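Novice: Here the protein sequences come in this chain order: D and V.
Positions 1 to 452 (our numbering) are the ones given, in order, by the first sequence.
Positions 1001 to 1171 (our numbering) are the ones given, in order, by the second sequence.
FYI, nobody ran anything at the bench for these hints, they're computed from the structure.
None of the values given here were measured: they were computed from a predicted structure.
Virtual Cβ for every residue (Gly too), placed ideally from N, Cα, C.
Do not rely on the hints blindly, as some may be mistaken.
[Said to hold, decoys possible] Listed below are several chain V residues computed to face chain D (Cβ distance under 10 Å; list not exhaustive):
#1 Asp1066
#2 Trp1070
#3 Val1114
#4 Glu1143
[Said to hold, decoys possible] In silico lysine-lysine, DSBU-like type, Cα no more than 35 Å apart, as pairs:
#5 V/Lys1007 to V/Lys1146
#6 V/Lys1077 to D/Lys283
#7 V/Lys1007 to V/Lys1077
#8 V/Lys1146 to D/Lys283
#9 V/Lys1007 to D/Lys283
#10 V/Lys1077 to V/Lys1146
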Amino acid sequence: MPGATLSRWTMSYFAAACLMLVAGQGLMVAGYGYPFADISAPETLVVVHLIAIGWLSLLMAGALLQFVPVLIARPVIGGRFAMPALLLLLGGLGCLLGGFVALSGALDLPLALLPIGGVMLLAGFGLFAGILAVTLLSARPLPLPARFVATGLAALVGAALIGSAFTATLSGFTESPLLDRLVADGVALHAALGLGGWLSATAVGVSYRLFSMFLLAPEVERSTSRAAWWGASLAVGLVVVAVVFVLSGIFGAALLFAAALLLTLMAVMLYGADVLHIYRGRKRKQAELNICASFAALGLCAISILLLNVPSLRSGNMVAAVVYLFVFGWLTGLGLAQLYKIVAFLTWLEAYGPVLGRAPVPRVQDLVDERHALILFRLYYGAVGIAVLSLAAGTTGFFRMAVAGQLLSTLCLIREFIRARRLSIVPAALRAPAGMVRPRLFLPLSAFQGDK
Amino acid sequence: MSEITPKVLDVRPILRSGGEPFQAIMQAVQDLQPGQALTLLATFRPQPLFRVMEGRGFDHEAREIDGGDWEVLFTPKKDAAPVETSVDADRPETWPDPSEHLDLTDLDPPEPMVRILAAAEALEPGEVLFAVLAREPLFLFPELTKRGHQWAGNFDETGSAYRILVRIGEA
C-alpha cells in the first residue's frame, strides 16, 4: 500500500549529525587541523571525517530514511536496521577518529582503531545502503529523483570501500603496492565519491522533489533533469574507473578525473536551470526561508564546481578553499536550510497528526521563527564567505574568527531546531490540543511506533 | 468488474444561450473520480474538444441523438495511472456518490491533509468525500487507515492532479 510514515530514527540521525557539526567546527576554532596543520595531516583527517561522515553523511542518511518513501510512494523495507546502522556508523567514526589521533601521536592510542573503524563504517554504510537499495528495488521503474539517490548510494559504497582500504594501509595492517598507489593517488577520488557522488547526487535528487513541493510547482520529468542525472552518474562511473586505473598503475586517472569534473559542471548547470524552471512555475508567490537559503547553497555549489574545473586551482591553498566552499557553502548550507523545514514538518506531523481535523492545530510555520532564522542564515553564509577567502589568502587568524562565526550561527540554528521540537514557539492557545502527542527531543516515542 | 457510472454534463443550455461551455467542461473533467468517464451532451459534434481531451488522456465515442444533438462519451485511456487503494477498500466503484467535494489544488502541503481529515470528521460512517490535490498525499494515507477510513485515488490523465475518494469508516 502506498504511503509514508514517520521514520523512527531520523531525528536521532539528525541529532548526532548536529553534534558532529558543532564538534568539527569547534576543533577548527581551537586551531586543530588544516590550516594549522598540513592538509594531509592526521589532525586534518579528524576534522574532515567529523564533518563528512559525522555531520553530512548522518544528516543525509537520516533524511533519506524519511524521504525515499516520499520519492517512490512506498514505505522503507527493513527500517528496523536503521538504528543498528546508526550505532555502527557512530562507533566506526569514533574508532576512525581515534585511529587518526593515534597516527598524529597526540595520544597513545592503538593504531588498530583505524582498520576497526574502517570495517565498522563499511558495515554501517553497507547496512544503510542495503535498506535503501532493497526499498528502491521494490519500486522500479524509479522516478528520476530516486535514480539520483541510487547513483548516490553506489558512490557511497565506493567511497566507503576506498576509505576502509586506506585505513588498512595507513595502520600498516596490510602491505600491498596496489593499496600504496591508492593512498598516494586516490585521495581526491575518495573525496569526489563521498562529497560529490554520495552527498551531492542524493541532495540534488531529493531537492528536485522538495523544491517543487515547497514552491507548489508542477512536477515534470524534464529532459534537462534526465541529462543532469546522466551527467552525474557518468561522472561517478568515470571516478570509479579512475580508481581502477590508480590501483592497477595505469596512466590516465587524472584525465578521467578532469573529465568527471567537467561532466559534473554540466550536470550542475542543468540542475540549476531545472531549479530555475521550478521556481518560475511556482504557485506560491513568496518562497520560504528554507528555499531561499537552499538557493544560496546551490549558487555556491555552482561556483565551487566551476573553480574545481580550473586545473591551477586543484592544488595547495586554493583547493582547500574551494573544497571548504563546497562542503560548508553547498552541502552544509543546503543541509541546515532543509533541516530547518524538515524538523518543523516532522515534529508537526508527530505532534498533531493524531488530532488533525478534530481540533484546531497550529500551522507548520507556527513551529518556527523565520525572522530570527533569517538573521542566522545570513550570519552563517557571511562567515563561510570570509572563511573561504581567508583560506585562499592564507590568513589563519581571520579563518578562525570566521569559523567561530559559523559555529555561533550553527549553534543558534540548532537551538531553533530544539525550540521547534519542543513546540516552544507555537502560540500557547494552539500548542496542546487534547489528544496531541508531545514529541521527544530526538528519540522515537516508543519501540513499537512507526515503521516495522 | 462494474464501473463507476459516467458523470453527465449537459452543455446544451449554455450553448443555446450563446455561452462558452469550455470552462464548465474542464471543471467537470477535473472533478471526475479516479477511472470515471464523462458523458457530454452538446448541440453539435464538438470536434475541437476531442483534441483537448485526447491530450488529457481520454478516448471519445460520439453519436448523434434526437434533434441533431450529440452525445459524446469520454473514457480515460487504459494506460492512465492505476488506481491505488487502501488495503481494506473493496470495490470503490460500489461506493455511494460523494457527499462532499473539495478542490485543494492551490493549498500548500500539508494543508490539504488537514482539510481532508477535518471534512472526514464531519461526515457520517459510510459517506464518501472526494478531493482533488496538486500531489499525492503520502502522509495522509496511513492517517486515514489509522482512523478506519477507506480510500482510493490516482493521478489524473495529465499527471498534474491527484484525485482521492475517502469512505468514512465506523470509528
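Novice: None of the hints should be skipped; say for each whether it holds.
Specialist: Hint check:
1. Residue-level restraint check for V/Asp1066 is violated (minimum Cβ-Cβ distance to chain D is 42 Å; threshold 10 Å).
2. Look at V/Trp1070: its Cβ only gets to about 33 Å from chain D, farther than 10 Å, so that hint breaks.
3. Nearest Cβ of chain D to the Cβ of V/Val1114: about 5 Å, under the 10 Å cut. The hint holds.
4. A hinted interface residue such as V/Glu1143 counts as satisfied when its beta carbon comes closer than 10 Å to some beta carbon of chain D; here the least separation is about 6 Å, so the hint holds.
5. The suggested pairing of V/Lys1007 with V/Lys1146 holds, with an alpha-carbon distance near 31 Å, which does not exceed 35 Å.
6. This hinted pair checks out: V/Lys1077 and D/Lys283 have alpha carbons roughly 29 Å apart, not beyond 35 Å.
7. Proximity of V/Lys1007 to V/Lys1077 is assessed by CA-CA distance (about 16 Å); at most 35 Å being required, the pair is judged to hold.
8. Taking the CA atoms of V/Lys1146 and D/Lys283, the gap is about 32 Å. The hint holds against a cut of 35 Å.
9. The hinted pair formed by V/Lys1007 and D/Lys283 meets the criterion: a straight-line CA distance of about 29 Å does not exceed 35 Å.
10. Proposed proximity of V/Lys1077 and V/Lys1146 is supported: the alpha carbons are some 33 Å apart, at most 35 Å.
Checked against the numbered hints above, the structure breaks hints 1 and 2 and satisfies the rest.
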